[in-house]
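J.: Given chain A, put chain B in place with the hints provided.
Chain by chain, the residues:
2 protein chains.
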Amino acid sequence: MSSISTVKDRTELLKWISEEYQGLNGTHYDVMETSPNALEFSRLVHISRPVLIKNSEAPDAMSRWTDQYLIQKMGNSKISVAVTPNGRADAVTTGPDGKQYFAEPYVQRLTMSSFLAALSSGDSNSREEVRYLQSQNGNMFRSSYFDVHDAEDEPSEFEALREDVPSEIPWCSEALDRPPDAVNLWIGDSASVTSIHSDPYENVYTVIRGAKHFTLLPPTEGWCLSERVYPHSTYMRSPTTNKLVLDPSSSEVPEVRWSSVTDPTVPGALPPEAHPIHITVEAGQTLYLPAGWWHFVRQTQVTIAINYWYDMESRGMVWVWLNTLRGLLEPPSGNDVVESAEHS
Amino acid sequence: MSSISTVKDRTELLKWISEEYQGLNGTHYDVMETSPNALEFSRLVHISRPVLIKNSEAPDAMSRWTDQYLIQKMGNSKISVAVTPNGRADAVTTGPDGKQYFAEPYVQRLTMSSFLAALSSGDSNSREEVRYLQSQNGNMFRSSYFDVHDAEDEPSEFEALREDVPSEIPWCSEALDRPPDAVNLWIGDSASVTSIHSDPYENVYTVIRGAKHFTLLPPTEGWCLSERVYPHSTYMRSPTTNKLVLDPSSSEVPEVRWSSVTDPTVPGALPPEAHPIHITVEAGQTLYLPAGWWHFVRQTQVTIAINYWYDMESRGMVWVWLNTLRGLLEPPSGNDVVESAEHS
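From first to last, the protein sequence lines stand for chains A and B. The working numbering numbers the first residue of the first sequence as 1 and each following residue consecutively. The working numbering numbers the first residue of the second sequence as 1 and each following residue consecutively.
Isolated chain A (complex conformation) (with noise of 0.2 Å):
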């Protein structure tokens, strides 16, 4: 391993940071059989490291979410769904005019009945528009219906399955000495993935139908990823035509730091020193992913998850590490560098 004192700039050190913590971990993570107790998962917490549970606290949706039970409990009540023509949420795309955007989806409100019916609608990767249930805003429950502790005062698209899912994981609430911030449903199957990314939360992700599989980086290889601004944009319908069309955002809303590498399973797509690691999460699994670290999801299947974001610790030196990770490259503008972006 080099030494930290010939390190001559920025990425170097980034190399050296991520090459130290390669050398320390590897790509190991831990299976656990059950769920860990509040200080088995403390503990796991301060390692930082993905752990799959393979037998977690099954929720009552595990047995009960089937098509027709979902449908018949949501009825006529209108949920919010991403709409786009790639299956690329929040993500970088080619706009109209030749430019790479940040793309946010075209939110329709639909019946349970109609978004499921439209999954299971022909081929899912040959499809004009692509649906998926991932409003990533406390669908489920958002950390205001910890405060009031009273559902009504706090509604919810899903309150009808409310009572299959549990608002919080006790260990794991337990363990932070917090209630979750959000708990979000994610309704999606082939067509859809989520770009690669990291959020400021701990994330304890459950598997109800399907599988999800995940695509892995720890913090320290961020750089790997060749982050770029990229300008703001939402998809719109036409007025005209009625398709999707994307809309880039007034010059006033800031541009978005993000990933140019659009699926980092393609052989190629991540440098060498990058060590990404595979972890699929079956029905009635649960995978801890720690706050800073990267993940790509896709499912092959139709698949239904719950996650729980929990507030990552913000004293002490963790949020510091991770901001100097992220903050030591200043990333170009993503249509600057067209070369090195991937297009969709």
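Where hints are given, some of them may not hold.
Intra- or inter-copy, both count: the list cannot distinguish identical chains.
List of simulated lysine to any residue pairs, SDA-like, C-alpha gap at most 20 Å [said to hold, decoys possible]:
1) Lys8 / Pro36
2) Lys15 / Arg315
3) Lys73 / Pro166
4) Lys8 / Pro331
5) Lys15 / Leu329
6) Lys15 / Gly316
7) Lys73 / His278
8) Lys243 / Gly327
9) Lys99 / Pro36
10) Lys78 / Thr66
11) Lys8 / Arg109
12) Lys15 / Gly327
13) Lys15 / Glu227
14) Lys8 / Gly327
15) Lys15 / Glu273
16) Lys15 / Pro276
17) Lys54 / Pro36
Treat the hints as calculated values from the structure; they're not laboratory data.
T.: Showing chain B alone in chain A's frame:
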């Protein structure tokens, strides 16, 4: 706060990191009325900030350890005591050739009776020789004790006092999921100080008699301590005069990297970017001193303390973070930069 993107060199990067850390954490430390339980301590280890516990569980030593009791229990057995001319064992000092050295103490084997008599004789600040019981090798219990679980297989100079000192701290061992690596007894007075340094151990420090005055700096402010490398030396007794003289080690003994700041409590000894935390630990109180924190320790009266060193978590990011902070600056030779080295 300045932006990391304008940082030009390693020193500026370290300044940026310590400013970020300071902005987030300030000089706050938690004060607890009673000891934490294992889960609470696990959370505190993750935050990695000092914690003062005002009423820790008193070991039997608290009520029993009068001079008379210690002398009677220890009888004629000899204990290893550090002897220096200036009370600064394991510290930078000026040799007879005018060069700066890292000096290890002369080790003398004394009875408890003669050691305590030496401590209480005359003015502690005008002695020709200063004695400090500070062997730091697990003089009460060392890690192998916990392997063999048979005190007779793992003798200690302080065998006779073991019954008064718990071999581990239950809430700490449970939180860290391991026994201590070393348990040390410290006995000294105002003539002795511990020079500022950091250890890769979680340190739980209980004062039995007297009081310890700690000056602490977070790992992010290590750059404020102007580390240098010094040739190694050990005090020996001159065969002719019987006085302590500094004996430079052979050139095969590696040089020692050490802070050139002799006393960080002297005004101006630290740069303005340093934010030392001063904590006095009284008898019956316990300090949690997290791994990697810099500490300078003194006492103004005869003080007895027990400290528990636990191996820090080597998995994950903390170890790499501490190595990065410490490794970014290459320390110059202490004898090339005499103008910035303080003389004792």
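J.: For which of the previously enumerated hints does the structure constitute a violation, in increasing order of number?
T.: 1, 7, 8, 9 and 11
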